[in-house]
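Asker: Given next are the chains, with one letter for each unit.
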Amino acid sequence: MEVLVFSIFNGLLYGMLLFMLASGLTLIFSLMGVLNFAHASFFMLGAYFAYQISGFIGFWPGLVFAPLIVGVIGAAVERYGLRPVHKFGHVAELLFTFGLAFVIEEVVQMIWGKVPVPYDIPETMNVAAFTWRGLDYSAYRLFMLGASVAIFLALFVFIAKTRTGLIIQAALTHPNIVSSLGHDVGKIFMWTFGFGCALAGVAGVIGGNVLGTEPSMAITLGPIVFVVIVIGGLGSLWGALIAALFIGIMDNLSISYDLSLYPVLALFGVEREVEGIMQDLVNLTTAGLAPVLPYLFLVLMLILRPRGLFGTRDV
Amino acid sequence: MLKVTDLHAYYGKSHILQGVNLTVHGGEIVSLLGRNGVGRSTTIKAIMGEVEPHGSIKFKDQEIAGMPSHEIARLGLGYVSENRDIFPTLTLRQNLLLGQKIARQTGRWSIDDMFDLFPALRERADTQGGVLSGGEQQMLTMCRTLIGDPDLIMIDEPTEGLAPQLVETVAGLLSEMARRGLSILLVEQKLTIALKISARVYVMGRGVVVFEGTPDELRDNEQVRKEWLEV
Ligand SMILES: Nc1ncnc2c1ncn2[C@@H]1O[C@H](COP(=O)(O)OP(=O)(O)OP(=O)(O)O)[C@@H](O)[C@H]1O
Ligand SMILES: [Mg+2]
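Those sequence lines, one after another, are chains A and B.
Each residue of the first sequence is one higher than the last, beginning at 3 in this note's numbering.
Each residue of the second sequence is one higher than the last, beginning at 865 in this note's numbering.
Hints were generated in silico from the structure; no laboratory data involved.
Incorrect hints may appear among the rest.
DEER-style ranges, computed between Cβ atoms [unchecked claim]:
hint, chain 1, residue 1, chain 2, residue 2, range
1, A, F158, B, Q926, 55 to 65 Å
2, A, L302, B, Q882, 42 to 52 Å
3, B, P983, A, L298, 27 to 37 Å
4, B, S920, A, Y297, 36 to 46 Å
5, A, P293, B, E916, 43 to 53 Å
6, A, F58, B, D977, 49 to 59 Å
7, A, S262, B, D990, 54 to 64 Å
8, B, E927, A, I161, 33 to 43 Å
9, B, P983, A, I161, 56 to 66 Å
Every residue gets a Cβ at the ideal spot worked out from N, C-alpha and C, and that includes glycine.
Work the whole structure out from these sequences, hints included.
Answerer: Laid out in structure tokens, this is it:
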């Protein structure tokens, strides 16, 4: 029971982190039609900046400044990188973001090296928030959960209620009209891109010290974020939320329970004492399967419902 | 107020506007008439910067050819497209709010003004734009542009496909705009309203202006009407 509760908790947490990345990615996609392959790289930058800043002035200022810097870098990338490339079409944009991901990884390795940096959980938070049936739940994890839920709520209020949010929504579908009404759509694109990157940066700040801050963190997480927005439906924030939570919880459950898949195979008449390739299958557990599960769902989703859960257009 | 000289525009290789000249003075209602496909919409899109203009476009004595649309709008030039493009997922009130160029912009028109002029819109203020009727959407697009307080408004076929009673409503709004001191450049196909309210009319034929004069002069000129207007 406690294992179930804790893995759901951790799953929610991982899911909310994924959502922070996926929401920015999907916002950028629906606004500009650009699938930003470098999105997770901004997540990584958030973590590294937070590591650097927290070394000087502590974790809390890092939580504020690291995402800000990432946002400004993102805005600059849109203005001086993507926009000039835009006139050559979507493929050129895609290649640009693809290249950017490698550039960022190289730069990170040049500055901080190839091995993980010691970006740690702040001392004051490295305690148990509560203990339940002998299991500790760390205060930092609780903070992560609170922060990500708060950001999620703020994002929804911003998009749905503020004037800027409404202008962004309108520019998603009718950029020409929005600009004929006197709004600078170019600037809106630039700052939305920056804002999406900043969201990824926040995820990096609060997730980097739990998941590990290293040059491969972008490549590890990036594909899963894509899975999230495809399953949720390109361009849909609600879809991204549900898909992110689903994948987060599923990942944690399959690892915590580590069930053997043998009973399923037994249904097909497979004996436990087989040899060769089948031996590996018999020994397979859900934990072993966890890393591929998201991609399995991706493939299933693409076959059964190519537009994703809440998407309005096919991938 | 607006002076267009030798305006050319292209869609790919096709040369659509081939030297359009027209002028709108302050406080004047001017109509741009012509058959389908002669380039009336393209003319105002080029003025607005949505289609790349070649030639000179002076608005309030400032050259605006080549400026981005939002800057042209901010100079006080309003545009209502022929597509009745409301923002379908936003409510009617939110659509109107986005007409303001800055938050809480005030000017000749307030949102309450709009609701007083069109009580039907007030009733539907919190309805999603996408489910409004065609007539309501037409009124909404015009009101949305007016909220931004333009000094000159260009309106593309506001009466197309509307029932006669709604055509009257549109005509009423146009008169109200003129009363509040706006200049209007109206693109129309039907002559009825245009001849009634315009000070001057232009007739376009295949990318150029083929007639310029007062409504009376157009009424008397059977040759122009036969060749360029009647089907
Ligand atoms: N996006 C476009 N691409 C290519 N050609 C276009 C495009 N839009 C319009 N045209 C062509 O340009 C010409 C002028 O079109 P325009 O829309 O200005 O006509 P119009 O006078 O407004 O008539 P109407 O609105 O009744 O169709 C037409 O021949 C049309 O086929
Ligand atoms: Mg037209």
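Asker: Confirm or reject each hint.
Answerer: Now the hints, each set against the structure:
A C-beta distance of roughly 42 Å is found between A/F158 and B/Q926, which places it outside the suggested range of 55 to 65 Å. In this structure the supplied range 42 to 52 Å is violated for A/L302 paired with B/Q882, their Cβ-Cβ distance being about 57 Å. At roughly 57 Å, the beta carbons of B/P983 and A/L298 sit outside the given window of 27 to 37 Å. The hinted range of 36 to 46 Å is not satisfied by B/S920 and A/Y297, whose Cβ atoms lie roughly 58 Å apart.
In this structure, A/P293 and B/E916 meet the distance hint of 43 to 53 Å, their C-beta atoms being roughly 51 Å apart. Hint check: A/F58 to B/D977, Cβ distance near 55 Å, so the stated range 49 to 59 Å holds. About 56 Å separates the C-beta atoms of A/S262 and B/D990, a value consistent with the hinted range of 54 to 64 Å. Remark: the range hint 33 to 43 Å for B/E927 to A/I161 is upheld by a beta-carbon distance near 38 Å.
The hinted window of 56 to 66 Å between B/P983 and A/I161 is violated, with their beta carbons roughly 31 Å apart.
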